[in-house]
Amino acid sequence: MAKEEHRIVKGQVTVPYELALGRTWSAFYDFLKDERIMGKKCGKCSRVLVPPRSFCPRCYVDMDEWVEVSQEGVLETWVYVNMPFFAQEIRIPFISAQIRLDGSDSGFIHQVAGIDLNDFDRVRETVKLGGRVRAVWNPEKRGNILDIAYFEPVD
Amino acid sequence: MGNAVAIIGTGQTRHGRRTDLCYPDLVREAVTAALDDAGITLEDIDGVVLGTMPSMMEGVSSTHFYFAEAMGSLGKPVLKVETCGSTGQSIGHCGFFWVASGMADIVLVVGSEKMSEGDGQATMTTVFDPFFQRTFAAGAPGVFTMQSMEWMYRFGIPEEKGREAAALISVSNHDNAMDNPHAHIRMRVTMDDVKNARVITYPVRLLDVCPASDGACAVVFASRKAARKIGRKPAWIRGLGFRGEEFFYGESDKAVWMSATEAAGEAYRQAGIRDPLKELDVAEIYNPFTYQEMIFYECFGFCPRGEAPDYVLKGTFRKGGELPCDPSGGTLCTNPIGATGLIRLAEAALQVTGKAGERQVEGAKLALSHAMGGVDQFNGVTIVGSTL
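In order, the protein sequence lines correspond to chains U and A.
This note's numbering numbers the first residue of the first sequence as 59 and each following residue consecutively.
This note's numbering numbers the first residue of the second sequence as 154 and each following residue consecutively.
Hints listed in this document are in silico derivations from the structure and should not be mistaken for laboratory results.
No incorrect hints appear here.
Computed cross-link-like contacts, DSS-like style, restricted to lysine-lysine with a CA-CA straight-line distance of at most 27 Å:
1. A:Lys508 <-> A:Lys431
2. A:Lys348 <-> U:Lys186
3. A:Lys382 <-> A:Lys508
4. U:Lys186 <-> A:Lys314
Beyond 10 Å from chain U on every Cβ pair, some chain A residues (computed):
5. Lys229
6. Gly454
7. Gly468
8. Thr540
Quick partial rundown of chain U residues pointing at chain A, CB under 8 Å, derived from the structure:
9. His64
10. Gly69
11. Leu79
12. Glu134
13. Thr135
14. Val139
15. Met141
16. Phe144
17. Glu147
18. Ile148
19. Ser154
20. Ser164
21. Phe166
22. Ile167
23. Phe178
24. Leu187
C-beta atoms are modelled at their ideal positions from N, C-alpha and C, and glycine is treated no differently.
Between the sequences and the hints, there should be enough to build the whole structure, so can you do that?
Here's what the structure looks like:
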């Protein structure tokens with residue numbers, strides 16, 4: 059007997075959304091337009107968080123104070139992505155990275171670029187855990203996270 | 154901890170690519186097996202708990218409606234709980250709470266996923282926030298690789314040693330899966346196979362990564378009174394812990410991982426465990442990625458921080474070692490996500506009741522089960538024992 063064929067139906071669900079950023083995150087993107095990276099400081103534990111929070115996740119108090127953080131920081135970890143994912147905005151290969159910007163107390167997620175990403179061995183020589191990286195701005199500001207184009211390794 | 158609670162039956166599907174069944178029938182395969190194992194019928198069940206991944210996984214929302222008949226919940230109270238990868242532990246805890254509270258005598262807990270029907274990594278990507286981090290999300294592999302890199306860097310683990318230990322975990326898990334008739338991936342692999350497999354997200358390679366599976370698991374929770382009446386050998390819930398941390402990746406320290414550490418710590422306190430490596434007989438750890446399994450060993454106190462690769466390489470966690478981990482083949486060989494954490498608990502229960510067949514750890518009396526969920530955000534642990 060021939061192998062049993064299982065009947066499959068293709069399906070797709072497409073749902074549009076309109077997502078409100080709220081006051082704190084709207085302000086963050088307004089600051090990005092002026093090429094400033096701003097965090098919020100907790101009045102209780104004094105931590106500076108980027109992305110900014112409207113309230114401190116640990117102290118559960120409002121975070122009212124804006125603090126500008128450095129556009130340079132330390133590369134805490136990274137991953138070289140060379141396989142495509144559904145709805146991926148950035149073309150592969152790319153590097154996702156966690157960066158501790160000077161003057162902040164949290165890791166900021168963005169990408170490391172500005173080097174030849176096609177040669178992985180070269181990438182490993184250039185992109186170092188614990189190494190320093192610096193923000194490179196997108197000349198065109200669209201009000202999203204890619205207003206910072208990427209972070210590049212600092213020699 | 155409330156009233157005593159026993160697991161009196163477990164059921165699992167044959168996991169894998171199950172295009173032979175529609176999704177509700179997959180759920181029913183596990184439920185029927187669990188009822189048979191417990192020696193009860195649907196009439197004995199006071200309530201049903203269900204857990205799955207978010208609706209995007211199979212494209213059907215709120216599946217407790219879709220599964221109402223398959224999970225035997227007609228005319229009964231139903232709860233649905235989902236915490237991403239840790240769902241299976243969350244629903245197990247929920248079953249425990251329901252019986253421990255005295256509000257039910259027998260509760261059926263069901264976890265399921267049919268990952269061949271959707272795009273697992275696209276679903277995972279929607280777990281990230283839409284404004285800051287989703288842009289850079291590379292599914293689960295991206296996150297877990299970032300975490301593993303940070304962990305190795307923090308503790309000065311040489312890349313080669315990390316690679317060697319991760320490869321050994323892959324080999325052990327695949328060997329173990331050969332003993333488990335329910336496992337999805339059943340093939341032997343060598344160290345070289347793992348080290349030369351296709352790179353997914355460097356240094357993570359294909360054989361460091363779990364498959365996307367179709368599968369379901371059902372577990373029957375019973376009060377002491379009900380367990381005694383039914384007369385099956387029970388696995389007693391000895392302790393449980395669940396902890397979460399901040400949503401944004403980068404805000405909490407994933408190299409020492411508070412949620413995993415404290416979830417286990419809470420469960421140990423309840424179970425009276427002081428030296429887990431010595432006292433536990435077996436552990437079923439949620440290990441979708443080989444490297445991550447080592448971070449769990451450290452968080453769960455099986456070894457000092459930064460030393461997991463040494464313990465792995467001397468065989469501590471292999472079959473016949475001091476604390477065998479994942480005798481089922483683990484998440485690495487079978488991952489129907491909404492079911493996976495519950496499978497860990499079911500496997501732990503099978504071990505302490507001596508019903509684990511070929512994968513039995515001889516004389517196991519105390520077992521740890523675990524699951525992790527979200528963008529490394531939640532961890533749940535349940536400890537079961539052969540005695541209360």
